[in-house]
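Peer 1: Residue numbers (this note's numbering), protein chains in the order written: chain A, 1 to 268; chain B, 1 to 196.
It should be emphasised that the hints constitute simulated quantities derived from the structure, not laboratory data. Please read these numbers as outputs of a predicted model, since none were measured by experiment. Just to be clear, a hint being listed does not mean it is correct.
As the list claims (entries may be wrong) - Reference excerpt, derived from the structure (chain B facing chain A, CB under 10 angstroms, subset only):
no.	residue
1	L37
2	W67
3	K70
4	P75
5	G79
6	W81
7	K84
8	N86
9	P92
10	E93
11	I151
12	E153
13	R178
14	A180
15	H183
Unchecked claim - Anything over 12 angstroms on all C-beta distances counts as not near chain B; from chain A, calculated:
no.	residue
16	S63
17	L69
18	M136
19	R161
20	A165
21	L169
22	D172
23	V201
24	R257
Glycine residues also receive a C-beta, built at the ideal position from the N, C-alpha and C atoms.
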Amino acid sequence: MSDYIVLSYFDIALASVFLLLNGVLSVWLRLGLVRNLAFAALRMVVQLLLVGLLLKSLFAMQSPWLTLLVAAFMATFAAREIWARQERRVRGWRGFAIGGGTMGVTVGLVALVTLTVFVQPEPWWSPRYALPLLGMIMGNAMTGVSLSLDSLHTALTREQRAIEAQLLLGADKWQAMRPFLRQAMRAGFMPSINAMAAIGVVSLPGMMTGQILSGVDPNEAVKYQLLVMFLIAGATGLAVILATLGSARALTDDRHRLRLDQLSKPNP
Amino acid sequence: MIHIESLKRLALGPIDLEVADGECVALTGASGSGKSLLLRAIADLDPNTAEVRTQSGDRSHTEAPEWRRKVAYLPAESGWWADKVNEHFMAPEKVDLTQFGLGDGAMDWEVARLSSGERQRLAFLRLLEHKPEVLLLDEPTAPLDAENTLIFETRVKQCLGEGVSVIIVTHDPAQAKRLANRHFVLENGQLTEAKP
């Protein structure tokens, strides 16, 4: 990494000039975005500076428990985000647990396997490897899961009559829900499939670009990117399937009834 | 035969009712009195507590899909999950469409183009494919004209003749008189027998 160019805070401030220009344009065109834009930019600066400090001290401390604590915090935040992004949610603690549980299980599993089998840093839980990997995988799995749960809950509500018609003719709940389960899983898979299809041709992923900018050989950066993409697609798929089946289970019962009473009213 | 004992569902019940083989019971009551809820509860489509049994066994000892094939509920508005009519039948080639004045080609029709009356008759035919022991009919002839109503009732009578027990929700006193042996009114969550 001999050709790594260290950025000064002045360089970064200079880069924000374009954003300021956007702010001026927004005022001029009366887009009403200045407040949102300013708030989001400020939030980003504060969050990233804090996370930089946090990661720096975490790397310095090398504590497995602190690493685990941060990972758990990330999973909780992801679960909350999944919960918040659905128009209709499963009522009660299960609504939260479906998102959080699948995040924890699949992402944890994939990240563990990665750290102990493929990348093998020393020690295996080294926060320098564990946290960025976990973050990238979890961010994508989170999007997939919230898309598929939103699709499932909307479809079950809208197609209640068609589902109950099948139940009344003696179908079991899985048969009756099959097309909607499939549809929900597809919705969760689509972002990963699209990302894999467009990568390298349309989009150069941020992680790879970042590595190249900081002086890593493009071939090596590509290898890391491939590893991450496979993990993202794999973990997202698993999380989507688990969450969809879990939610479908929560919205039916052992007498093969559709229990839409377990679903909250749409939030405005 | 169907035997219902202390059925409870939200504000409904406790309700006791027994309908013998080949017997038809008419059920009336103001809109919102819970007639449909009662039928859904008997079919076990909504959570409820009750002792229910037919000659082939206790509901609590029967898997729910199996129960619903025997105790068949025809909702006021039928649901359809595929594009073509024949996809909703187990053996579309064996169904006699002419008994309901439906053309031979009806099996190839698209569900989206069916009239409400056609939907209702086809939904009844697909329900009969399972040879139910009990029929729960929820205002079945509401979308039908006078002539088709009588044809529909003839088919119900044929089921009664085969020993099927029928509970029918109706708003038409004349229909209740034509079909039913007994007549109950649902009010404040309770069934009371209407004296003729």
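Peer 1: Each hint: holds or not?
Peer 2: We went through each hint and held it up to the structure:
Hint status for L37(B): violated, given a least beta-carbon distance of 13 angstroms to chain A, over 10 angstroms. Interface hint at W67(B): satisfied, since its Cβ lies 9 angstroms from the closest Cβ of chain A, which is below the 10 angstroms cut-off. Among the interface hints, the one on K70(B) holds; its C-beta lies about 9 angstroms from the nearest C-beta in chain A, closer than the 10 angstroms criterion. For P75(B), the suggested interface contact is upheld, since its CB lies about 7 angstroms from the closest CB of chain A, less than 10 angstroms.
Hint status for G79(B): holds, given a least beta-carbon distance of 3 angstroms to chain A, under 10 angstroms. The criterion of a C-beta within 10 angstroms of any C-beta in chain A is met by W81(B), whose closest approach is roughly 4 angstroms, and the hint holds. A distance limit of 10 angstroms between C-beta atoms decides the matter here; for K84(B) the minimum to chain A is near 14 angstroms, and the interface restraint is violated. The interface hint given for N86(B) is broken, as the beta carbon of that residue sits about 14 angstroms from the closest beta carbon of chain A, more than 10 angstroms.
For P92(B), the suggested interface contact is broken, since its CB lies about 14 angstroms from the closest CB of chain A, more than 10 angstroms. Given the 10 angstroms rule on beta carbons, the hint for E93(B) is violated: about 18 angstroms separates it from the nearest Cβ of chain A. Nearest Cβ of chain A to the Cβ of I151(B): about 23 angstroms, over the 10 angstroms cut. The hint is violated. The interface hint given for E153(B) is violated, since its Cβ lies 22 angstroms from the closest Cβ of chain A, which is over the 10 angstroms cut-off.
Evaluation of the R178(B) hint against chain A yields a violated restraint, the C-beta minimum of about 26 angstroms exceeding 10 angstroms. Against a cut-off of 10 angstroms between C-beta atoms, the interface hint on A180(B) is violated, since the closest Cβ of chain A lies about 23 angstroms away. Taking 10 angstroms as the C-beta cut-off, the interface hint given for H183(B) is violated, the closest approach to chain A being about 25 angstroms. The claim that S63(A) is not at the interface with chain B holds, since no C-beta of that chain comes within 12 angstroms of its own (minimum 49 angstroms).
At roughly 41 angstroms, the least C-beta separation between L69(A) and chain B is larger than 12 angstroms, which holds for a residue marked as non-interface. Distance to chain B confirms M136(A) as a non-interface residue, since its nearest Cβ pair spans about 39 angstroms, more than 12 angstroms. Listed as outside the interface, R161(A) is inconsistent with that label: its C-beta sits roughly 4 angstroms from the nearest C-beta of chain B, within the 12 angstroms cut-off. Against chain B, the non-interface label of A165(A) is violated: not every CB pair exceeds 12 angstroms, the least being about 3 angstroms.
Annotated as non-interface, L169(A) brings its C-beta within 12 angstroms of a C-beta of chain B; the closest such distance is 7 angstroms. For D172(A), the shortest C-beta to C-beta distance to chain B comes to about 5 angstroms, within the 12 angstroms cut-off, and the non-interface label is violated. Even its closest Cβ contact with chain B, about 37 angstroms, leaves V201(A) beyond 12 angstroms, as expected for a residue assigned away from the interface. Non-interface call for R257(A) relative to chain B: violated, since the shortest CB-CB distance, roughly 6 angstroms, does not exceed 12 angstroms.
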